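At position 79 of the sequence shown (counting the first as 1) the number is 79 in my numbering, and the numbers step up by one without a gap.
Bear in mind the hints are in silico, worked out from the structure with no lab data behind them. Small disclaimer: the values here were computed from a predicted structure and weren't measured. Beta carbons are placed, not taken as given, at the ideal position from N, Cα and C, and that holds for glycine. One or more hints might be untrue.
[As the list claims (entries may be wrong)] Simulated restraints, written as ranges between beta carbons of each label pair:
id: 1; residue 1: L89; residue 2: Q441; range: 20 to 30 angstroms
id: 2; residue 1: L484; residue 2: R236; range: 21 to 31 angstroms
id: 3; residue 1: K462; residue 2: I397; range: 28 to 38 angstroms
id: 4; residue 1: D408; residue 2: N326; range: 38 to 48 angstroms
id: 5; residue 1: I4; residue 2: I263; range: 45 to 55 angstroms
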Amino acid sequence: MKRIAEAILSDGTKLPYVITDNPPSGSMKHTFFTPDKKFAVQFFNDSEQANNPDLHRRMEYIIGKYNPTLSEKNGGAKGNTEESADYFLKRFCWPVATVKYPEFGIVCPAYPENFFFDEKSSEFINLKGKDKRSNWFTSKNRKYLRDEECGNFRSMLKMSILLARSVRRLHQAGLAHADLSCNNVLIDPKTGECVVIDIDSLVVPGIFPPEVAGTRGYIAPEVLATSVFPVGDSRRKFPSVYTDMHALAVLIYEYLLLRHPLIGPKIYSKNSAEEDDFLAMGPMATFIENPFDKSNRPDELGVTIKDLGEPLEKLFIQAFVNGLHNPEERPSAMEWENALSKTWDMLHKCENPDCLAEWFILHDTENPVCPFCRHSARRESIVRLHLKSSLKGKNGIWTDYRTVNLYDKMKLYKWHVLSGVFPNEKADCTPVAEIYTTNQQWFFVNKSLEGLTSPEGLFIPKGFKFELKDNSFFRACNDENSLLISVTKGK
């Protein structure tokens, strides 16, 4: 028979939870669940910390005025709409209430079921019920998982976009996570979904300082390097938005390339493993793909940042070369979100049925080879839309906007046909057009565009299609922000 206890929340609401002998426990909290398992009731391991009034006030701010999962109308983050709140409700496991009895604690939604392994996840070890922390998929542990559990390159790219968007929203709200790591982001590569957890330690700049330094491998080098100085020393650096930027770049690199960007063959100290690790992750950290310093480069890298296309290659250099020891140089979460979204449009389906990645970034049509399996793409499978936007005030002058690689049954959205529209949480995700191919012919199907004309100047009503031919041009719609689209095939 279940032992049921009752928590009294700050608003007086009573919430039952199930007492267990060995509740799940982390470094800061232990967790119980409500009988229906929809909510987690968490209490702090350190009673002194639990009684700290600063913690109580921090949680009040996090649950209220800084909460991106709650609309501004309902007391949440400034400028937050109901639609935006609903979107980020799926991206964060955000605390919903505080407990005042039997002791101070917090209430969070339970993680969705797809973020837990089941009995089919591995044929080697029993993972049923364990949560899907990132390092199961990006380290040597990956070999224990079934291939279908690991998703593919496309799903890992989707997760990268969602994580960058979530971190961008945190930073826009004036918050820093402070401990962004493989332990605090749960991922599901099968669906490409991710959720950020452990929200209660957020840093509110100027109001609530960080309580944790971070997790090994994700702590920014300046935080680790200055941890030798006592608290209060002006030389010591603490978690902030800048350290989040470092951790975000590490996670994205791990998701896409399945390795850590700083862990290479270089020996930094022979005195001790501890000193070597301190130098490798802190004051002497060196990017394994640094083009100017190859001292930490493994002999066999396999897929590299060059294989991810120019937008991501540029940001990884910015993050791990220019910004590794210069925090102000690091790319923001918004820059990552934009670059990843552009990269998404460069996806190409690998035609090798045995390729585990299934997709790759086709950025070089002179050498259209999947970097994961080395299979060459057929020229007839390469069809691209080159989107161009009109320069305001300069009629007839067009500038490159983005490039889209096409594949069968691909859907196009407003951001593919209009300038100034971005694929973020506010975007209308209703398809406006669809691509399909048959007998080596490629067709553009109008789903909802007004004023679409074919390259021959024919009006294409909704529900009708026209063939995409090499070196042809067309306008997507009659909107003043409509993009000019050119088609290339096999090049």
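field: Cβ distance range 28 to 38 angstroms for K462 and I397, holds or violated
entry: Holds - the Cβ-Cβ distance for K462 and I397, about 30 angstroms, lies within 28 to 38 angstroms.
field: Status of the given 38 to 48 angstroms range, CB of N326 versus CB of D408
entry: The hinted range 38 to 48 angstroms holds for D408 and N326, with Cβ atoms some 45 angstroms apart.
- prompt: When you take the CB atoms of I4 and I263, is the distance between them in 45 to 55 angstroms?
  reply: holds, 46 angstroms
message: Between the beta carbons of L484 and R236, is the distance compatible with 21 to 31 angstroms?
response: violated, 54 angstroms
- request: Could you say whether the range 20 to 30 angstroms given as a hint is met by the Cβ separation of L89 and Q441?
  value: violated, 43 angstroms
Of the numbered hints given earlier, the model fails hints 1, 2; all others are met.
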